[in-house]
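> Let the hints inform the model, and build the full structure from the sequences given.
Remember, our numbering sits 9 above the position in the sequence shown when you count from 1.
A portion of the hints provided could be inaccurate.
To be verified - DSSO-like mimics (lysine-lysine), calculated; alpha carbons at most 30 angstroms apart, straight line:
1. Lys120 x Lys191
2. Lys152 x Lys121
3. Lys112 x Lys317
Hints in this document: simulated from the structure, not taken from any laboratory.
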Amino acid sequence: MVNALKHNNFFGKRKGPVVLCIMDGVALSPNEDGDAVKAALTENLDNAMTNWPFTRLKAHGSAVGMPSESDMGNSEVGHNAMGCGRVFAQGAKLVNQSIETGKIFEGETWKKLSENVKKSAGTLHLIGLISDGNVHSHLNHLKALVHNAKKAGVCRVRVHGLLDGRDVGETSALDYFTPTEKALAELSDASFDAQFASGGGRMNITMDRYDADWSMVERGWQTHVLAKGDIFPSASAAISALREKTGAIDQDLPPFIVAGKDGKPAGPILDGDSVILFNFRGDRAIELTKAFEGGPEFDKFDRVRVPKVEYAGMMEYDGDAHIPKQYLVTPPAIDRTMAEYLTASKVKQFSISETQKFGHITYFWNGNRTGYFDKTLESYVEVRSDLVPFEQRPAMKCAEIADKVVETIRGGEYQLIKLNFPNGDMVGHTGVFQAVVASMECMDLQIGRLINAVKAAGGILILTADHGNADDMYERKKGQIVYKENGKPKAKTSHSLNPVPFLLYDPLYSGEYSKTLNTGLGISSVTATCISLLGFAPPEDYNPSIVNFNS
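Have a look at this one:
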């Protein structure tokens, strides 16, 4: 429990709400080529950049709790930071620390899973994203698990690898799979057998989130657990053959099974086995975990066969629901979030996005916490996302989100309204430049509607973002665009390291604060800024406000 916040000198100065609009995946690139934000016709955003108080915020690396300044930010850590006003060490950093100290392999969960397969003569299965994107997983974590499995006396390891192509290059999978295959082969000997067992693109199988498309998880279950599907001699051979057959980029590649020495599937998951989902990020790990841990009441799809296994996640993916029941690394304990302080201060809050980012504006914003702090003061609205490739619907649900926000602003019931437009991130991950440009233009039209509604209500509008993506759509090497054989730029589908904008619209401004905003801050400072604009003094240990108020 937290105490109510004290009022500041700005309290009661605006009759309308503070509206916080997160333009997911929209940052500020120094480049012209490959920047879909600049390429788009965005009259409202352009006007804001020219005429509103503006600054740049850091949204990657240490500013959001990532291990190094070369690490991209992402929507999970970005919303964590903006929701709690401080920076906590995040998944990748915590796992790195646990591996470096050896704590992960001294824990009861690791010992339990490794001892289980030693007693049953079973297999340790490792499921996860094979890349060094460091957003959902890191290849070094997989390597550490395999090496320590051998050290612990485990006899057989099977890796079920998901192709990335979103947090790394869109067709970079072989850069990760082929060396990993070689490393597993070199580590294998008469007493230890390690190899790939299955795989597929992360947006085709396994890694669904927010209950958007359980058929992805079903395909993953059939692939990883039941070992049903097309069989290939190796993961690399499967990737090459399926690319040629389908033309799909990595994230969309169909599932595949890898053969063992006998030509049969190398690693169906069976009774007595142990399973580790080595992704550390929670949103795309929860559904597969529910499939493994769900009892007879599980009804999302027909699992056909549910093996009796010891299952664990790399981290606890949902602290309230305690998913999974077992995990290797304890996640950060994020406390005293903005939403909790505001409910204690009797501030009514409204949060909305479509399915793809609904959990970010609620669960991640609230410190990885499910549910309400006070249902009488909070409203959460989810607009269901379309189940089509995002490049085919670049507008996504931004108009529907804006419809509800405009209605809510006019209603006058809520003091804080926060929304997430997912377009820049979700369409950005497709790598289709034209679609991303269209998505930015669709979003900009809705921003215009928000501006008009805020002006009419006498409120305040903040435009900002959680990380970059749409601003950096071409692969570069040493600053130069990488071109494909056909002469076209190679698409970049991962996040950028660029700073994000912070733009402030206050039509009733009368000198209460300086229009020159603070510089050099991270996105965690959005929190203290919102609290201050709502008329309260932020907690002393929150990162400083972007706006300097006159005393």
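> Determine for every hint whether it applies to the structure shown.
Hint check results:
For the given pair, lysine 120 sits about 27 angstroms from lysine 191 by alpha-carbon distance, which is consistent with the 30 angstroms threshold. Note on lysine 152 and lysine 121: the hinted pairing holds, with a Cα-Cα distance of about 20 angstroms set against a maximum of 30 angstroms. A distance of roughly 27 angstroms separates the Cα atoms of lysine 112 and lysine 317; the hinted pair therefore holds under the 30 angstroms criterion.
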